[in-house]
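Protein sequence lines, in the order shown, are assigned to chains A and B.
Residue 335, in our numbering, is where the first sequence stops; the numbers in between run on with no holes.
Residue 1351, in our numbering, is where the second sequence stops; the numbers in between run on with no holes.
Any given hint might turn out to be false.
Said to hold, decoys possible - Pairs of lysine to any residue residues, derived as SDA-like cross-links and limited to a Cα-Cα distance of at most 20 Å, are as follows:
no., chain 1, residue 1, chain 2, residue 2
1, B, Lys1088, A, Arg114
2, A, Lys125, A, Leu65
3, A, Lys334, B, Pro1157
4, A, Lys43, A, Gly262
Unchecked claim - Where chain A lies over chain B, by a calculated footprint (3+ residues, C-beta under 8 Å):
no., region
5, 1059–1072
6, 1090–1104
Treat the hints as calculated values from the structure; they're not laboratory data.
These figures come from a predicted structure and were not determined experimentally.
Glycine included, each C-beta is placed from N, C-alpha and C at the ideal position.
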Amino acid sequence: MSRPRLIKENSAPLSLAREQLIRIHDLMVKARVLEERLIQMYKQGHGYFWIGGPGEEAFNVPLGLLMKCGEGPAYDYLHAHYRQSATLLALGEEPIGALRQMKNTATDPYSGGRNFAGHFSRRSKNIAPVTSPIEVQYAIAPGTAMAQKRHGGDGITIVTGGDAGTAEGDFASCLIWSSRPANPLPILIIVTNNTWGISTTSDGQHGETNISDRARAFNIPAKTINGNDPVESYQEIQAAMDYVRKERKPYFLEAKVSRLYGHSSASGANFVNEEQDCLRLFEARLEQEGVLSRQQMDEARNRYSEELAAAARTVRDEPQPSGDSIWEHIYAEKK
Amino acid sequence: MANMAQAIRMALHYAEENLGVTDIFGEDVGAPLGGVFTCTQGLKTAWNSPLDERGIIGAAMGLAMAGHRPVAEIQFCDYIYNTIDLLKLAGNTHWATNGDWAMPMVVRTPVGSGIRGSIYHSHSFDATMTHIPGWKVVMPSTPLDAYGLLISACQDPNPVMFLEPKALLRVKGDERIPGEPDDDRALSKMIDAPLGDRSQWKPQWPLVEGFAVPIGKGKVVREGAQATVVSYGRTLPLCAKAAAQLAEEGLSVEVIDLRSLWPYDWELIKASVQKTGRVLFVNEDTEVTNFGEHLVRRTVEELFYSLLAPPRLIAGKFVPGIGLADALEMASVPQQGDITAALRTLCREQP
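Based on the provided sequences and hints, a complete structural model is requested.
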């Protein structure tokens, strides 16, 4: 049986360029502050439901930074799940969009007030609509990968989901459709494993040692990494992407991550002390290696806190969609 | 004249040559079989998928999102039920993203009874499918309509469900597909794959033309004055025969082929019911929460004062399946005699 392969310990030297470390840290803080603001909005009654990804920033920020962002098959497609605000920010999305979706305003850039928090969608950036039914994205992703393979170039499809969703048949569909010898697909299959499915623990679901072991049955190269380490995540995602871009074949990454505020507002959305906090760990290393001082990092957090508080005030006064708008966009028009 | 399977094949050929169809796929859709009903024989973009209905619908969605034009097949509609949430998603994607993403895909699936398909090869899907907003739903009853509706489906920027009445797939039409040769045997030689070794076979496609039947438009198959019967798919020819038989008895029945279930041609139904004052809806899906019930409700609400008799519905019995034995299938779904008798009664009913 293989064991989770933790490439580097958290005490290892930070092996990315200083500017890159600062950029990753900045986005991680921005994403964390965004999620905490969303939780606060929910608790203040400025939204009906919260679900998001505080605890997954160390993996999700590098993922967004490494994506080839644009529209159409020449660029990367992201079939995300609802814990990826950090990836969205790394792709250049403004955090106010997520606040607008939480407040279900007409200005919500992802759904016009129609969908839950964290349910992003952006055709101009190849961000496929996030859905509440878990794991359906794994059945859809091979389609965009097929189109990219036919298109040529180095655009790839990235599909992500949680560990609990791997119980769904769509996860198996993805492994099967991606690895057919007649037509292997350029797809990076990712599972962020926080060891929980709402309230079901991993030992209530997973008989496999690592979820990545399942990929091996399909001859898909796979790795389990420490998703709480942004440096390891960056390097492993980059290596995986390089393989998929060049070989036009699937690769599987399982990232061990934390779930810092429980499953969603349905489980209270309160901070869980027992979980590793990837941001706190990263900040300790940045300080230890002299990349950033405590004061600089505190300033970054304060700056984003103020920005998002102001954004929340802006959003609070924005109009809700009108009831009549339910009839809009049922069908696309012929162009 | 072409049969419906040949018409579908020719429409798909036209669509891959002229409408940008990139992938025609599903279980056994590619060579060597070309579909269990032969609807996809010889098509250049046809390929065999894994035996995975959710994968088929999911892949079609992904292809459509990436700007391709897929036509996916589910081998029997009985097997599409495990994809319902994906169908819901395909239907709501444009709406849920406030118009950002479209889903231009076609799903074809054979429906209904008529081949003694027993419990898992006889189901109908019109009631369930018309319950999923965001889709267009069509169901032809003639080869020419199948040809024209499929061409429209392949041009539509929305997901379109193309229901194929399997009992009619081998029935020849009365109208020629534009560009189809005059001689049926010549057509068969050109586009029907031979039995046995097909490895060297290539179809010779006739120069078919881009004839489109608009989605949402029904047609009057037979004019009449005393009652209207509205149907689609397998039961439509039964309704037409019933009207012809009743004409000999001096009763005048107007027959409407709905062709599109969503959106549907309410104006056509309305004009006919206002003329005749009596209406019977006929389909073979199970009768409880049946699409025909919606039509009855709308008729009552909007045309109540034009009616000379209560609107009626003949549909499949609300039983869990269609049994294999002849008598079981016949008793489960509407037959010629049921329709004729119901129309006879309706025509004679007085307020």
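Now the hints, each set against the structure:
no.	hint	in the structure
1	Lys1088/B with Arg114/A	15 Å, holds
2	Lys125/A with Leu65/A	13 Å, holds
3	Lys334/A with Pro1157/B	6 Å, holds
4	Lys43/A with Gly262/A	14 Å, holds
5	1059–1072	holds (count 11)
6	1090–1104	holds (count 12)
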